[in-house]
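Peer 1: This is what each chain is made of:
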Amino acid sequence: MSVSRRNFLKGLAVGGTAGYFAMAGVTSTVMKDMFLPDEPVGDDDIGEIKSVKVTQVSETSWFDNPILVNDMQKAGGLLVNQYIIPWTHEGVKIGFNGDNSGGYSALLDIEFLDGSKKKILFDCGWNTAWMDECFKREGVDKMLENHEIDLMFVTHEHFDHYWGIESVLKHHQEIPVAVPKGFYQEGFDLLQGKHFDIAKVKNDYPHKGKVTVRESGKVHHLYPGVASITFDSSIITRVKGEQAMVLNVKDKGLVVITGCCHMGIISLLQEVRHRVKGGKKIYAIQGGLHISPFEDWDPQYDDLIKAIPAYGIEVMACNHCTGYLTAEKMVKAGLPVVQGTARFKSKKKLFLGNGDQVMFG
Amino acid sequence: MNDTTVVQEKEESGFSWSGFIVGLVVGGALFLLTIQIVKALMFSLTAA
Amino acid sequence: MISLKDHMWLESRILENKMQQPLRGIVGVLISFIMFYALWWIFMDVRGIMRWYTPQYGYMYIRWILIVVIWQAYIFNFWPFTKFRETSHPIVSGLGLIAVNFALVGAVIWGFFYNFLGKFSIPYLSVDGLTKLGMTQFYAREYSSLAILMFAAIASWLSPIVPVCFNNQPWHNMKQPARGITVFLVTLFASVLCFFCLMHPHYHVLFWPWQEYAAAYPWWFNFAHTLHGNFNVGWVMCGTVAIWLLEVTFDRYPFALIKNKIVRGIVGFFGVLAFAMLIFFAFNFVQDLSWGPAVDGAKRIYAPDWRYLHSGELAIMMLIPAMILNFYFDNGPKKYGPAVNIALRMLIILVGMGVFHFLYYKFSPGLLGTQAGYSHPQQFPMAPGILFICCMLFHNWFMDFWPGKKRVGHVETMLDENGDEIGKEKEAETGFVPGNLAGAYCETAQPSAVNGKPATAMYKHVE
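Chains as they are written, first to last, in numbering that gives the first Met the number 0: chain A, 0 to 360; chain B, 0 to 47; chain C, 0 to 462.
One thing to keep in mind: the hints can contain errors.
Some chain B residues near chain C, calculated using beta-carbon distances under 10 Å [to be verified]:
| id | residue |
| --- | --- |
| 1 | Phe14 |
| 2 | Ser17 |
| 3 | Ala28 |
Calculated pairs, DSS-like style, for lysine-lysine (alpha carbon to alpha carbon, straight line, at most 25 Å) [as the list claims (entries may be wrong)]:
| id | chain 1 | residue 1 | chain 2 | residue 2 |
| --- | --- | --- | --- | --- |
| 4 | A | Lys217 | A | Lys249 |
| 5 | C | Lys131 | A | Lys180 |
| 6 | A | Lys73 | C | Lys361 |
| 7 | A | Lys217 | B | Lys38 |
| 8 | A | Lys49 | A | Lys92 |
No wet-lab data here; the hints were simulated from the structure.
Fair warning: this is a prediction, and the values are worked out from it, not measured in the lab.
All C-beta atoms, glycine included, are put in the ideal place defined by N, C-alpha and C.
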């Protein structure tokens with residue numbers, strides 16, 4: 000190789016390496032915005048409703064935190080299939096008749112612009128004895144028997160949101176059921192009337208109605224002013240997929256209702272913003288936000304509390320797996336958390352508890 | 000072999016600035032290509 | 000005056016190839032991988048024996064293994080086991096020094112942190128310290144593990160700076176253990192300062208009520224958009240990788256061109272820091288392009304703090320191919336000049352990084368018992384990544400790459416009071432001979448005379 004070609008190659012190599020790293024430095028700093036896409040603005044018009052009243056049928060998914068965490072850890076950790084975890088059902092002092100399991104369920108009373116109404120049962124809890132008592136307390140059992148409830152909306156397959164399905168089907172076996180994409184076979188088997196001996200969950204009333212599986216990546220229009228969005232999240236105890244509801248209350252804005260929000264409340268709000276018309280203004284959120292359910296902490300949750308004010312939310316009816324520590328910090332940060340009454344085995348007034356109601360609209 | 004090594008070292012003391020400029024452009028372009036490839040591959044894989 | 004052997008035992012090694020490429024490289028990688036997998040299964044895998052990968056608890060041990068191996072081989076020059084290292088069969092030497100490493104790690108974590116510092120100074124440095132305050136055992140262990148491992152992470156970023164940038168100046172003439180103790184104490188002091196500024200504020204917000212009097216508020220929040228210490232974890236990891244890349248890939252260029260030692264050291268230090276920031280920003284940018292920008296307050300893949308952490312993880316995924324190339328494949332093509340060789344190395348490493356990244360995320364759940372997906376809290380590639388790096392270091396620094404290479408002797412060179420080798424031919428284009436932290440490709444043909452002086456050929460690869 001001649002000297003000049005060797006020198007050219009040397010210059011090329013030095014320049015190439017320098018140029019590569021220099022371009023990396025420049026594009027990742029001063030030129031960054033040129034490469035990143037613009038934030039999408041939601042344009043899916045879901046319509047409007049007049050109002051929605053949410054009754055917390057039960058928000059106490061379980062009664063003793065350490066016992067639940069211990070059940071999972073003893074079985075092998077957070078990744079073990081929930082259907083093969085031997086959950087503790089007796090000897091729990093603060094449980095329901097010694098049983099640690101409770102459940103999450105809410106009742107949505109929707110009034111549309113034309114004055115018509117619909118009721119949606121949002122999740123169906125866990126412990127059927129507990130759910131039977133809660134349903135009786137709020138009159139949900141009678142509503143189911145009279146076919147007044149139009150839809151059984153299952154947010155995700157978790158034990159505390161879905162395993163009480165027998166308490167629903169015993170009153171109304173044909174009720175339409177909506178589940179997110181990601182439901183495992185065991186979930187469908189339970190709907191059809193299966194027993195799971197290790198986890199001690201069963202359903203003796205096989206479902207006879209329509210089951211709709213909702214995919215992720217789009218806004219599903221359920222009724223005028225009522226929509227749902229599904230997320231593909233992989234969740235603890237071998238669960239996949241979660242769906243949330245979005246309702247557009249006239250003159251107020253969007254109300255986002257979640258079961259556990261495993262996908263993250265910010266991710267959910269962003270998705271609403273990017274897909275739903277008017278999504279920049281979220282009027283209210285209701286449901287579990289899954290931040291500190293086991294009362295542990297991570298500075299990432301402080302980031303969340305600091306970020307929420309930017310969404311302009313006026314009512315935060317969060318409860319359940321949000322965690323009391325989160326609620327305390329949110330209240331201290333001045334966020335509009337709705338306080339509860341701490342009745343029917345709900346522990347603190349920091350957020351909405353069992354039997355509490357909130358009206359949007 | 001050592002004689003060859005000594006001769007080689009003397010010749011390598013040159014540096015081509017034109018090569019350097021070409022290299023800067025090529026290197027910069029290579030990085031832009033890299034990020035396009037990475038972006039395409041990442042979107043095609045399941046994230047989260 | 001001090002001999003090169005007393006200064007840097009590893010660099011004075013004369014290693015002879017016992018196998019041809021590519022067999023030598025493949026066997027070497029396999030041996031390191033087997034060591035790694037055995038250790039992973041015994042100690043870390045969630046399906047294995049000890050199941051320490053939670054992930055922070057196991058990661059804590061791995062980080063301390065790394066910094067202790069750097070102390071053993073680099074800071075203390077194998078003192079007090081230099082004779083043992085020199086005379087034992089590689090397998091015996093490997094097993095013995097690994098045992099010493101593990102014993103030291105145990106002493107540091109259980110003795111120094113859990114039962115001394117965690118008891119008498121800061122509770123979050125011990126599990127008991129936190130459980131006594133009412134925390135659940137699992138989280139107490141995770142929180143304290145994070146703090147303890149960050150000491151090691153910061154130390155392993157700062158420790159190579161002394162030999163790589165400053166060539167152990169101004170302590171280059173000291174004998175062991177005096178030099179080891181001095182460099183160790185200097186690095187420890189710097190690490191403690193860095194820990195208190197970079198990680199301690201994380202613990203201000205971790206506990207409730209906020210520990211306002213005991214720790215500063217995370218000062219990085221306004222520009223990093225997160226209170227989480229992961230912001231600092233990310234760039235410190237990039238800093239560690241930057242200094243190692245300078246050594247194993249760049250042969251200390253371009254700082255090697257600076258003749259004045261002090262200027263070279265200072266420019267080198269800040270240069271490495273600048274390079275670290277560059278790769279930190281670049282990896283953040285690439286993530287933004289791939290998945291969309293991070294969102295304040297979000298979690299998982301959209302969390303700003305996870306993105307910073309992942310930049311550090313990506314940096315490790317760049318370091319592993321760089322080390323494999325240097326240790327096992329003679330650092331790539333050698334037939335061109337240094338500049339072209341280095342450029343080609345970078346190209347190979349970037350492609351290798353892409354391949355490694357793909358293979359890791361595809362196979363880690365089945366092979367290592369981690370979780371699928373990039374941002375799952377139990378998908379923490381730094382843990383297996385750094386354990387694999389430790390095994391490569393064991394294979395190199397404790398075992399001389401047995402059986403691919405054999406140590407046949409040591410270069411008998413003396414260093415003068417400035418740290419320069421007496422009688423060493425100076426390379427024409429640089430102020431000093433490029434160093435070799437890895438001590439990897441030190442080999443020789445028959446020593447031959449040039450201009451009447453013995454040519455060590457130490458830094459030239461010879462088949």
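Peer 1: Next pair to validate is Lys49/A with Lys92/A; report whether the Cα-Cα distance is within 25 Å.
Peer 2: Given pair Lys49/A, Lys92/A is violated - Cα atoms ~44 Å apart, limit 25 Å.
Peer 1: Hold the hint about Ser17/B up to the distance rule: shortest CB distance to chain C must be less than 10 Å.
Peer 2: This interface hint is violated because 15 Å lies over the 10 Å limit.
Peer 1: Between Lys217/A and Lys38/B, is the straight-line Cα distance small enough, at 25 Å or below?
Peer 2: 23 Å, holds
Peer 1: Against chain C, with CB atoms and a cut of 10 Å, does the hint on Ala28/B hold up?
Peer 2: 14 Å, violated
Peer 1: Are Lys73/A and Lys361/C close enough, with their CA atoms no more than 25 Å apart?
Peer 2: 29 Å, violated
Peer 1: If you draw a straight line from the CA of Lys131/C to the CA of Lys180/A, is it 25 Å or shorter?
Peer 2: 44 Å, violated
Peer 1: Check whether the Cα positions of Lys217/A and Lys249/A lie no farther apart than 25 Å.
Peer 2: 23 Å, holds
Peer 1: Hint Phe14/B vs chain C: min CB-CB distance below 10 Å?
Peer 2: Holds, because the Cβ-Cβ distance from Phe14/B to chain C comes to roughly 9 Å (cut-off 10 Å).
Hint compliance for this structure: hints 2, 3, 5, 6, 8 are broken, all remaining hints hold.
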